[in-house]
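2 protein chains.
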Amino acid sequence: MIRACLWRAPLPTLRSQPPPSSSSFLPPHYLPRRRNSSRFLGSAMVSISPSSHLLFRQLFEKDSSTYTYLLADVTHPDKPAVLIDPVDKTVDRDLSVVRELGLKLVYAMNTHVHADHVTGTGLIKTKVPDVKSVISRASGAKADVLIEPGDKIAFGDLFLEARPTPGHTLGCVTYVTGDGPAQPYPRMAFTGDAVLIRGCGRTDFQGGSSEQLYESVHSQIFTLPKETLIYPAHDYKGFTVSTVGEEMLYNPRLTKDMDKFKDIMANLNLPYPKMIDVAVPSNMVCGFQDATSKA
Amino acid sequence: MIRACLWRAPLPTLRSQPPPSSSSFLPPHYLPRRRNSSRFLGSAMVSISPSSHLLFRQLFEKDSSTYTYLLADVTHPDKPAVLIDPVDKTVDRDLSVVRELGLKLVYAMNTHVHADHVTGTGLIKTKVPDVKSVISRASGAKADVLIEPGDKIAFGDLFLEARPTPGHTLGCVTYVTGDGPAQPYPRMAFTGDAVLIRGCGRTDFQGGSSEQLYESVHSQIFTLPKETLIYPAHDYKGFTVSTVGEEMLYNPRLTKDMDKFKDIMANLNLPYPKMIDVAVPSNMVCGFQDATSKA
Numbered sequence: 156m157i158r159a160c161l162w163r164a165p166l167p168t169l170r171s172q173p174p175p176s177s178s179s180f181l182p183p184h185y186l187p188r189r190r191n192s193s194r195f196l197g198s199a200m201v202s203i204s205p206s207s208h209l210l211f212r213q214l215f216e217k218d219s220s221t222y223t224y225l226l227a228d229v230t231h232p233d234k235p236a237v238l239i240d241p242v243d244k245t246v247d248r249d250l251s252v253v254r255e256l257g258l259k260l261v262y263a264m265n266t267h268v269h270a271d272h273v274t275g276t277g278l279i280k281t282k283v284p285d286v287k288s289v290i291s292r293a294s295g296a297k298a299d300v301l302i303e304p305g306d307k308i309a310f311g312d313l314f315l316e317a318r319p320t321p322g323h324t325l326g327c328v329t330y331v332t333g334d335g336p337a338q339p340y341p342r343m344a345f346t347g348d349a350v351l352i353r354g355c356g357r358t359d360f361q362g363g364s365s366e367q368l369y370e371s372v373h374s375q376i377f378t379l380p381k382e383t384l385i386y387p388a389h390d391y392k393g394f395t396v397s398t399v400g401e402e403m404l405y406n407p408r409l410t411k412d413m414d415k416f417k418d419i420m421a422n423l424n425l426p427y428p429k430m431i432d433v434a435v436p437s438n439m440v441c442g443f444q445d446a447t448s449k450a
Numbered sequence: 156m157i158r159a160c161l162w163r164a165p166l167p168t169l170r171s172q173p174p175p176s177s178s179s180f181l182p183p184h185y186l187p188r189r190r191n192s193s194r195f196l197g198s199a200m201v202s203i204s205p206s207s208h209l210l211f212r213q214l215f216e217k218d219s220s221t222y223t224y225l226l227a228d229v230t231h232p233d234k235p236a237v238l239i240d241p242v243d244k245t246v247d248r249d250l251s252v253v254r255e256l257g258l259k260l261v262y263a264m265n266t267h268v269h270a271d272h273v274t275g276t277g278l279i280k281t282k283v284p285d286v287k288s289v290i291s292r293a294s295g296a297k298a299d300v301l302i303e304p305g306d307k308i309a310f311g312d313l314f315l316e317a318r319p320t321p322g323h324t325l326g327c328v329t330y331v332t333g334d335g336p337a338q339p340y341p342r343m344a345f346t347g348d349a350v351l352i353r354g355c356g357r358t359d360f361q362g363g364s365s366e367q368l369y370e371s372v373h374s375q376i377f378t379l380p381k382e383t384l385i386y387p388a389h390d391y392k393g394f395t396v397s398t399v400g401e402e403m404l405y406n407p408r409l410t411k412d413m414d415k416f417k418d419i420m421a422n423l424n425l426p427y428p429k430m431i432d433v434a435v436p437s438n439m440v441c442g443f444q445d446a447t448s449k450a
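As they're listed, the protein sequences go chains D and Z. With my numbering applied, the first sequence covers 156 to 450. With my numbering applied, the second sequence covers 156 to 450.
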């Protein structure tokens, strides 16, 4: 029997509560870690160690259904922060949140050269000059920092690990939070367009390859612990997060074998990406040309 | 100086990792609690106790920019779950997630009688007959469970507390996660349209009152700990979450004094709500008439 019930009890202090007890409003998104390396069982109690003090925000751009992610180490005196996949249209919103939360934006990162929107990276650099743009060297795009497979991008005591996940484009990477003692648990994978929630990015442009995407996802993402949170670059159905375990069970494309996957991807019959001719040239220079013209 | 740097290190096991170690993929959203009642300081280390094992999902309906929330106690054998503010259009999506995660939906709850979309509550009841609909008695709407101020809605070992927050409508409530030893930390407030991120709901229909809304928010929501997470019923700018502390500092309406707030709300010059004549009659019976006609 389900132990779900409603009970009625007065809230004795409903209108006479003490004032908020916190002298700081900073809202870290506490993602605790395992106390030891014992196996994770989703439905079992696990012991956890002190939080990593990650502040985390997921932000949405409606026209292109793009998610931008803000991560910061709020235990560090400078509160260094990174933005993953910012969009040009929402740069002011994102920088406003950074400012209000007292963060110091260090990196503006892209998972890949996007074809459906202009990155906000270049515009951010015109507004916050110390910020460094980050993209993979394999993308062929320009940026302050060109990352290679296995690189770690640190902000305070936290870091993201860059895993190469080509296939949607030849330069796609997935940024995964670290596995060290100060890092958040569960781990978080920012998969770009490699894995979408119950889907994946198309493979018919920008050096895409369905075979390579399949191999990337299975070797670089589906080998992460099953409870790892998946935060994609887009969602079109209103999902905000998934997990590696869920996608391994329920992704309608990536659960198939390679041949079936290639067949699915070859027969999507998608229209020509409407933004590609604007977005890709701009994003090859991290949106900077576009940003400069707007600035 | 910011301790942010990039370092290059090979990922020795990048393509030869062991298979995922978890035998269960269930992805609880670990929200730990304080180990004791010491004051929360957002930027300081805090000790935490074992997680509450809350599974949490935020879901978005794009046409009305509505957030639906799924919460479940995944430590309970039945994994009982609640949905807050489901939308009729996205019921199939929501029930699919419930099914895939192996949850048992117990309550379909509304924060208020919505004017901008038809609730999914009635449709859910036709598809999952054991589910009980929940709304405040003050709303005047029909539902299986009519809650009063201070009521607690339990699912497994977790519960939500109903705080009356009228003003947008006369029957608005804010559901707040509990403050007991098994409950998530930070607390989470599902504010409906009472507090939106950097905004609030309009007060010119459905028994709305700007004075009452101001009083509700300041007495029932802004008295929660500052780190309490605010999850609104809507967002139109791509924000997904805020905190009590942030809104107390940066909400452009609710940070003003009462007179100024009333003046702002009296001069919004908003158009007549386009869905109100369809949505409100339907939502007064928890969407059930509408759902029945569709079923």
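Note that these hints are calculated values from the structure, not bench results. Predicted model, so just to flag it, every value in this text is computed and none were measured. Mixed in with the good hints, there may be bad ones.
Claimed, not checked - In silico DSS-like links for lysine-lysine, alpha-carbon gap of 27 Å or less:
| no. | chain 1 | residue 1 | chain 2 | residue 2 |
| --- | --- | --- | --- | --- |
| 1 | D | K392 | Z | K259 |
| 2 | Z | K217 | D | K217 |
| 3 | D | K307 | D | K217 |
| 4 | Z | K392 | D | K282 |
| 5 | Z | K297 | Z | K282 |
| 6 | D | K282 | D | K259 |
Claimed, not checked - Chain Z stretches covered by chain D per the calculated footprint, using a threshold of three residues with CB under 8 Å from any CB of chain D:
| no. | stretch |
| --- | --- |
| 7 | 211-217 |
| 8 | 392-398 |
| 9 | 415-429 |
For each residue, glycine too, the CB sits at the ideal point set by N, CA and C.
Going through the hints against the structure:
no.	hint	in the structure
1	D:K392 <-> Z:K259	22 Å, holds
2	Z:K217 <-> D:K217	8 Å, holds
3	D:K307 <-> D:K217	30 Å, violated
4	Z:K392 <-> D:K282	20 Å, holds
5	Z:K297 <-> Z:K282	19 Å, holds
6	D:K282 <-> D:K259	13 Å, holds
7	211-217	holds (count 6)
8	392-398	holds (count 7)
9	415-429	violated (count 0)
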